[in-house]
Structure formats: structure tokens, C-alpha cells
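Chemist: Residue strings, one per chain:
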Amino acid sequence: MKLAGTDIFWECMVREGVEVMFGYPGGVLIPLLDAMLKYPIHFVLTRHEQGAAHAADGYARASGKVGVAMATSGPGATNLVTGIATAMMDSIPTVFITGQVPASLVGKDAFQEVDITGITLPITKHNYLITNASQIAETVREAFYIARSGRPGPVLIDFCKNAMLEEAEFIFPEKVSLPGYRPRIQATEESLEKASQLIAQAQRPVILAGHGVLMAGAMDELHQFAEKIQAPVAMTLLGIGSFPASHPYSLGMMGMHGEAYCNLAIQNADLIIAMGMRFDDRVTGNLRTYAPSARKIHLDIDPAEIQKNVIADVTLLGDVKTVLKSLTDKTAPKEHEEWLDQIAEWRTESHKRDILHWEDENKLYPAHIIRDFWEYTKGNAIVTTGVGQHQMWTAQYYRFDQPYRLITSGGMGTMGFGLPSAIGAWFAHKDKEVWVIDGDGSFQMTQAELATAVQEGANIKILIMNNQFLGMVRQWQEFFHDKRYAVTSISGPDFVKIADAHGIPAQRVTSPKDVLSAIEFAHKTPGVVLIDFHVEKEEDVYPMVPAGADLHDMLRRPLKNKSNPTSR
Amino acid sequence: MQYTMIAKMENKPGVLNRIASLFRRRNYNIESLNVGHTENPEISRMTIVVDGTPETVKIIEANLYKLVNVIDVQDLTSQPTVTRDLALIKVQATPEKRSEIASLADIFRAKIVDVASDSVIVEITGTEEKIEGLVELLTPMGILEMVRTGQVAMLRGKTQSGASLSDTY
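Chains A and B, in that order, give the protein sequences.
In terms of this note's numbering, the first sequence has 219 at position 219, counting the first letter as 1, and numbering is strictly consecutive.
In terms of this note's numbering, the second sequence has 64 at position 64, counting the first letter as 1, and numbering is strictly consecutive.
No lab work stands behind these hints, which were simulated from the structure alone.
From a predicted model like this one, the values you see are computed outputs, not experimental measurements.
Some hints could be false.
Okay, derived cross-link-like pairs now, DSSO-like style, lysine-lysine, Cα gap no bigger than 27 Å in a straight line [stated by the list, open to error]:
hint : chain 1 : residue 1 : chain 2 : residue 2
1    : A       : K65       : B       : K66
2    : A       : K296      : A       : K330
3    : A       : K321      : B       : K58
4    : B       : K66       : A       : K175
5    : A       : K175      : B       : K12
6    : A       : K378      : A       : K524
7    : A       : K194      : B       : K58
8    : B       : K12       : A       : K108
Which chain A residues stay away from chain B? Per the calculated CB distances, all over 10 Å, these [said to hold, decoys possible]:
hint : residue
9    : L198
10   : Q402
11   : R484
Ideal Cβ positions, reconstructed from N, Cα and C, are used throughout, including at glycine.
Work out the full structure: start from the sequences and follow the hints.
Modeler: Okay, here's the thing in C-alpha cells:
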């Protein structure tokens with residue numbers, strides 16, 4: 001059957017299960033979007049292509065399906081770049097479609113022509129240029145397969161306009177033929193044997209759980225494994241939710257802003273069992289002094305992550321779910337009472353220093369807001385964040401017991417991720433509300449997407465931790481640059497008025513006594529709601545491992561609250 | 001130390017760019033890189049010589065495999081291989097000097113493939129050391145121009161191969 005390229009494309013998208021996509025139209029996309037009207041696909045018009053990319057990303061993270069975003073050629077395509085890189089760094093299954101000028105004009109510097117396959121080469125798992133209609137079906141099929149298999153990631157398809165308009169025989173390929181692509185690998189029996197021996201010998205084991213545990217859906221396996229060998233579980237930022245925060249073995253988040261007792265456990269461990277994580281510098285600190293007395297088992301699906309940052313004694317290649325299952329079967333039960341007692345001691349010390357357990361003295365601290373929010377939502381909310389202090393406070397104080405509830409940009413640390421990713425997440429869970437915890441800086445980066453959220457009738461609750469600073473950078477300036485606050489003071493607009501201009505109900509909160517009622521207001525008011533919390537301006541995220549310092553070398557919160565004169 | 005790897009890849013546009021981009025992005029030190037056709041028109045073959053340690057070579061191998069178009073990667077360093085490099089060397093040569101160059105070339109089993117009034121082009125094939133040897137002897141006569149292909153390598157004896165093009169899921 002001969003079909004136009006546009007129809008072939010949408011037939012393939014429908015067959016790949018695409019129901020919603022995010023994007024922005026433009027010259028070369030006109031025929032493609034015209035044909036789309038015949039197909040059951042909802043196209044969400046974002047206000048900027050970066051928003052579309054983050055929305056597709058948020059959709060993928062919340063649903064486990066492939067997220068799709070589309071942009072026109074030239075500036076549309078380049079506006080996706082930050083979002084593509086964000087998805088790449090966090091291994092998010094996404095497919096990006098960009099329009100391209102007709103193949104006959106490629107390379108001629110045509111109007112709105114940009115070499116987007118060249119630009120995205122290092123920030124995609126793979127990319128394609130479609131120059132004729134006969135390539136469409138195979139390319140779309142391969143793109144989705146590559147995006148979601150193995151270690152997932154973004155795939156970009158650059159689609160020449162002439163290929164949309166030409167006709168070609170439509171055959172949806174049943175199978176993908178990719179001779180060089182082998183996403184399925186399996187740990188050897190020998191390695192599993194070695195790993196179980198190391199576990200048997202260990203006195204002070206720590207499990208490091210990363211995003212890979214969630215990607216593989218290996219939460220139950222992790223739970224069984226941790227309980228069988230009685231080992232505490234530390235999580236990376238993206239691994240949050242892979243193990244219940246309220247479980248006694250949970251050490252919470254590790255790394256630069258990890259719990260002190262978590263980092264101390266890692267530094268004192270005699271065995272690290274790392275799974276689905278890649279020893280990012282924010283996780284390890286100084287590599288030379290990282291977990292110095294620990295032997296290391298590294299389980300990951302990507303062979304290129306093995307021995308990249310940390311040299312492992314045993315490497316287990318493969319999908320976390322299958323490998324962890326085999327490893328649990330091979331490993332004898334163990335007890336580590338003494339080790340867990342030691343960690344409990346560190347934990348007690350941490351609690352004393354934690355602002356969470358202090359009186360607020362009528363000041364509005366983000367930690368307290370997030371704790372109240374956690375209590376109000378019973379730990380079950382879907383939460384997206386921007387990047388910065390508010391993101392770390394969310395990771396620290398919203399104690400996620402469920403998987404796939406925290407949606408945040410980890411590797412790339414992309415400010416402005418919160419609102420657009422929430423729009424995507426809401427499309428994955430239209431029966432639920434999605435909460436955005438954002439900073440005033442992050443929020444302003446993609447504030448334009450408020451209009452998108454309203455147009456789509458999304459159920460999104462935005463909580464802005466407004467300290468009128470680019471707080472994380474300000475904190476570094478406070479600690480390491482004698483409080484010289486270069487370019488970090490940011491006077492935001494009146495967010496309540498911004499919300500009002502969009503028809504969004506909003507409240508400003510300046511006192512701790514109003515926090516709960518504002519959260520309740522957000523929950524009970526349908527649609528998009530915004531709460532602007534004017535928080536302590538110079539509050540810091542503790543603990544903090546300075547960049548490149550030893551993981552145990554943490555700046556801890558002083559035991560007495562620092563005098564914090566705010567000019568609010 | 002230098003390591004020699006061969007990578008077989010689908011013969012598609014942009015594949016060379018992907019490999020070059022990977023090496024640039026990950027900061028791997030390429031000594032030489034050669035790409036050409038194979039017995040199968042759908043597959044190209046690249047010989048890569050890198051400077052590094054056994055660990056870096058393993059990571060390079062893993063990263064090459066991550067490229068969707070790369071079918072097979074082999075580290076030939078510690079295996080019995082034939083490696084060859086080809087060079088064309090244009091040497092200053094007055095008619096009186098020609099015979100001296102010719103006899104030098106002869107010792108190295110090189111050939112004179114072009115003679116002009118005041119220069120000749122010498123073609124030599126061999127290992128890197130052999131070519132270096134000839135270059136050293138020709139230098140005093142005045143090398144006007146030189147081009148080298150970079151190494152190509154092949155395992156001796158039995159052919160090892162990775163997955164075939166029919167590998168599907």
C-alpha cells in the first residue's frame with residue numbers, strides 16, 4: 001500500500017503506542033501536522049521547544065513509556081538541545097522529531113536549516129536523518145527500539161520535508177535489524193560467584209542504588225536482597241524511590257548533599273554493592289579517598305560505565321532486575337547488627353543537626369515546608385523539581401516510599417525542568433495531581449509553560465521556594481567566596497500576579513503558620529495552582545561535601561542555628 | 001603504549017563522524033585511524049591505533065560498542081597480526097642522485113613510482129618501523145612531500161568475527 005510520508009510517519013507513531021506528544025510547529029512541519037489530525041494523537045503545544053523536550057522527558061519518567069517531542073527545523077531544533085542533553089545524562093527513553101528542509105536544500109544554508117544531527121551527535125543515544133519516504137517506517141521503528149532498550153536514552157530523527165510529501169510503500173517492520181546493537185548482556189556465573197563470596201566475607205556492606213534499579217523495575221529484588229544480606233541502602237538522587245525511605249535500612253541520599261550518616265557509612269564500608277549507578281562526581285567526591293577500605297561490586301547494564309570512575313573488584317553486567325535476582329539466589333543470608341548499630345549512632349548525631357527537628361522561631365524554612373507537604377500528601381505525591389537548593393531539600397525532606405514519584409534533572413542539572421516536566425508527568429497520570437517544587441530562579445527559566453499547563457487543563461500544583469537568590473550558587477559564594485554574591489541576587493516578579501494573569505489561583509505565604517493551609521488550598525483547588533513561599537533568604541543546604549573534597553569531609557550544619565538576619 | 005584495534009561498522013553516512021566525535025568527546029588519543037571497504041560492501045573496517053593503558057583500551061572498546069552502527073570491535077594488540085602502512089615520499093632528486101635513491105628503495109623493497117626532472121616519488125609498504133627507517137635515510141636528500149595511510153591490521157590465521165548483519169531481535 002502506497003502512502004504519503006506524513007501518513008507513514010503517523011501510522012508508525014500510533015503503532016509505537018504514542019498517544020501524546022509535545023512540541024511546537026513551524027514551516028517544514030506544516031504537512032506533517034496537517035496529516036496528524038487524522039490520527040488519535042494529542043499534540044501539546046508548549047511555549048518553547050525546551051519545554052516540549054522536558055515535558056516528553058517528564059512523561060517518560062512518570063509513565064515508563066517513550067516520551068516524544070517535536071520541533072521544526074533550525075531554531076526549533078536547537079531549542080530542544082538542552083532537553084535532549086538532560087534526557088541523555090539521565091538515560092530517559094525519548095524520541096525527538098525535528099523537521100528539516102528538503103533534502104535537495106540540505107547543506108545549502110537554506111532558511112531555518114541547521115545540522116541538528118551533527119549538533120546532537122554527542123547528546124543522543126543515536127540519531128537519524130530521513131531524506132526519503134522509504135526510510136520512514138524502519139527509522140521510526142528503530143528509534144523507539146533503541147530509545148527504550150538496554151540503557152535507555154534519547155534518539156533524534158531529523159525528517160526532511162520532501163520525505164513527508166513523497167509517497168512510499170508502507171510496510172511496518174516487524175523486527176528491527178541492528179547488527180551492532182546488543183542491548184542484552186548477562187553477568188557470567190563466575191562473576192556472580194565472586195560477588196557472592198565478597199558479600200559472604202563482608203562485615204560492613206553498603207548497597208548503592210541508582211536510577212538503573214528504577215529503570216529495570218527491580219525495587220522488589222532490591223528489597224529482598226537488602227533484607228537477605230542485612231545491608232543498608234544508599235540512593236543516588238535519581239535512585240530515590242528505588243528503596244522505601246522509611247525502611248530502617250534506608251540511608252537516604254548519598255553524595256554532595258547526602259545524609260552525613262549515609263556518606264559516613266560509605267566511607268567506612270568494607271563492601272560497596274553498586275547497582276544501576278555510575279559513580280558520578282557528585283556521588284563520590286574525591287575518587288582517591290572514596291570508600292577507601294571497601295571492595296566494590298559494580299552492577300550496570302552499560303559496559304562503558306564499568307571501571308570508568310571507580311575500579312570495581314567484581315563487575316556484573318546486565319539488567320539490574322535479572323542480575324540481582326540471580327545474585328540474591330546465590331547469596332547466603334547474613335546479619336550485620338554491629339554495623340547497623342554504628343550507622344544508627346551516626347544517624348542520631350545527624351538528627352541533632354537537622355533543621356527538621358528544630359523550632360522554626362516563626363521563620364519560614366524550606367525544610368519545614370517540604371516536611372509539611374510530605375505529611376499532607378502522605379508521601380505519595382508525584383513531585384518534579386527544578387535544580388538548586390530546593391531540589392536538594394526535596395530530595396532530603398520528602399521521604400519517597402514509592403518509585404517513580406520524584407522527577408528531577410540529575411546528571412545535567414537543568415534549571416527550569418520542574419514545570420514542563422510536570423506537564424509531561426501529568427499526561428502520564430491524568431487522574432492524579434502533580435506537584436512542582438521549584439526555586440524562584442528555576443521557575444523563571446520556563447515560566448512560559450504556565451500558559452501550556454492552563455491550556456491543557458493540567459492538574460499541577462506549583463510550590464515556589466522563593467528566596468530571591470540563585471540559592472545554590474549563593475551558598476557556594478557564602479562558603480567559598482567570602483559572601484561575595486556575584487550575580488546571584490534575583491528580584492523575581494510578583495508570582496501571584498503572574499499566576500493571576502494566567503487565571504491561576506495563587507497565594508503568597510510568608511509565615512510558617514500559613515504553610516499547611518496553602519498546601520491544602522493547592523490540593524483542593526482544581527487545575528493549576530501556585531503558592532509563592534517567601535522563605536529564609538540565606539538558608540543553606542546541609543550537609544555539603546565541597547566539590548572535589550573527600551566524601552567524609554562534610555560541612556555540617558552548626559549545632560546551634562546560625563543568626564540569619566533576613567531583610568524580608 | 002600503543003594499541004591496535006579494528007572496528008567493523010555498517011557502511012552508512014556519518015559513521016566516521018560518529019567515531020571521530022566519540023574519540024574527541026571522551027578525549028582518547030588517536031595515533032592513527034584508517035577506514036576502508038571490506039569484503040562485504042555493507043561493512044566498513046577501521047583500524048585504530050591509540051596510545052593508552054589496557055584500561056583505557058577496554059573503555060574505548062565499550063564506548064565503540066555503544067555506537068549503534070559499530071558491529072564488532074577487536075583489540076589486536078597482543079595477538080599475531082599483520083600490520084601495514086603505506087607511504088608515498090617525494091624526494092628531491094637530480095638525475096645523478098636517482099640511482100642512489102633507487103638502490104636505497106631496493107633495500108627496503110620500496111618502488112620508485114614517478115620520476116620528474118628534479119624529484120622522484122618512492123612508494124613503500126610495511127610496518128611502521130620499516131617506513132621510519134627509509135624516511136630517515138631519505139631525509140638528508142630532501143623530502144619535499146610525504147603522505148601515509150596509517151596502519152591497517154589483520155589477524156593471522158583463523159578469521160574471528162562478531163555478529164552478522166542478520167542479527168535481529
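Chemist: Evaluate each hint against the coordinates.
Modeler: Structure-based check of all given hints:
Between the alpha carbons of K65 (chain A) and K66 (chain B) the distance comes to roughly 22 Å, so the proposed pair stays at or under 27 Å and holds. The straight-line distance between the Cα atoms of K296 (chain A) and K330 (chain A) is roughly 18 Å, inside the 27 Å bound, and the hint therefore holds. The straight-line distance between the Cα atoms of K321 (chain A) and K58 (chain B) is roughly 25 Å, inside the 27 Å bound, and the hint therefore holds. The suggested pairing of K66 (chain B) with K175 (chain A) holds, with an alpha-carbon distance near 20 Å, which does not exceed 27 Å.
Taking the CA atoms of K175 (chain A) and K12 (chain B), the gap is near 20 Å; set against the 27 Å cutoff, the hint holds. Under the criterion of a C-alpha separation no larger than 27 Å, the hint pairing K378 (chain A) with K524 (chain A) is consistent with the structure, at around 15 Å. For the hint pairing K194 (chain A) with K58 (chain B), the CA-to-CA distance comes to about 21 Å; that is within 27 Å, so the pair holds. Proposed proximity of K12 (chain B) and K108 (chain A) is supported: the alpha carbons are some 21 Å apart, at most 27 Å.
Separation of L198 (chain A) from chain B is adequate, the least Cβ-Cβ distance of about 21 Å exceeding the 10 Å criterion. With 10 Å as the threshold on Cβ separation, the claim that Q402 (chain A) sits away from chain B holds: the shortest Cβ distance comes to roughly 32 Å. Every CB of chain B lies more than 10 Å from the CB of R484 (chain A), the least distance being 33 Å, so the non-interface label holds.
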